[in-house]
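Start from the sequences, fold in the hints, and give me the full structure.
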Amino acid sequence: MPPDQRLSWYVEVLPFIEQDTLYRRIDRQAGWDAAVNAPAVQTPLRILRCPDWDREAPPAPAYLTPYLGVAGLGPNAADLALRDPRAGVFGHDRRTALAAIRDGASNTLLIMESARENGEKVGLDEW
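Sequential numbering of the sequence shown, starting at 4, is according to my numbering.
Each hint should be verified, as a subset may be incorrect.
Estimated spans, in silico, between C-beta atoms of each pair [what the hints assert, rightly or not]: (1) F19 <-> Q45: 18 to 28 Å; (2) D57 <-> R86: 35 to 45 Å; (3) F19 <-> P47: 12 to 22 Å; (4) R105 <-> D36: 29 to 39 Å; (5) F19 <-> G107: 20 to 30 Å.
No lab work stands behind these hints: they were computed from the structure.
All residues carry an ideal CB built from backbone N, CA and C; glycine is no exception.
In structure tokens:
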């Protein structure tokens, strides 16, 4: 599956944020934009909602989120090799074990909040 259609880290976190039912509704063999995943993708999750967005105009759809997994530095960050010094924790074809975080997990940014307009896909549809 092309990287821009893959499911995001949100899917793997769902059982740990009391969303196991939603997790089971997601077809992990299909992309985030597949019709079979549309009901799950468009399910609002309060825990992934930025409280400030409700004050913005126009309001964002309730299923979007500003919380992103950090892929690293640069426009090709998601494609960097694990050993690249610019690589973040998340990437298209890399898995990062805690032991691979050389400066320690307490010194590493895993997730960050971004501005609303950060590309084609924002939020749960970025799975």
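The hints, checked one at a time:
Roughly 21 Å separates the CB atoms of F19 and Q45, a value that falls within the hinted 18 to 28 Å. The hint said 35 to 45 Å for the Cβ distance between D57 and R86, and at roughly 42 Å that hint holds. Distance hint check for F19 and P47: the Cβ-Cβ separation is about 18 Å, which falls inside the suggested range of 12 to 22 Å. The hinted range of 29 to 39 Å is satisfied by R105 and D36, whose Cβ atoms lie roughly 35 Å apart.
Distance hint check for F19 and G107: the Cβ-Cβ separation is about 22 Å, which falls inside the suggested range of 20 to 30 Å.
Against the hints set out earlier in the document, no violation occurs for any number.
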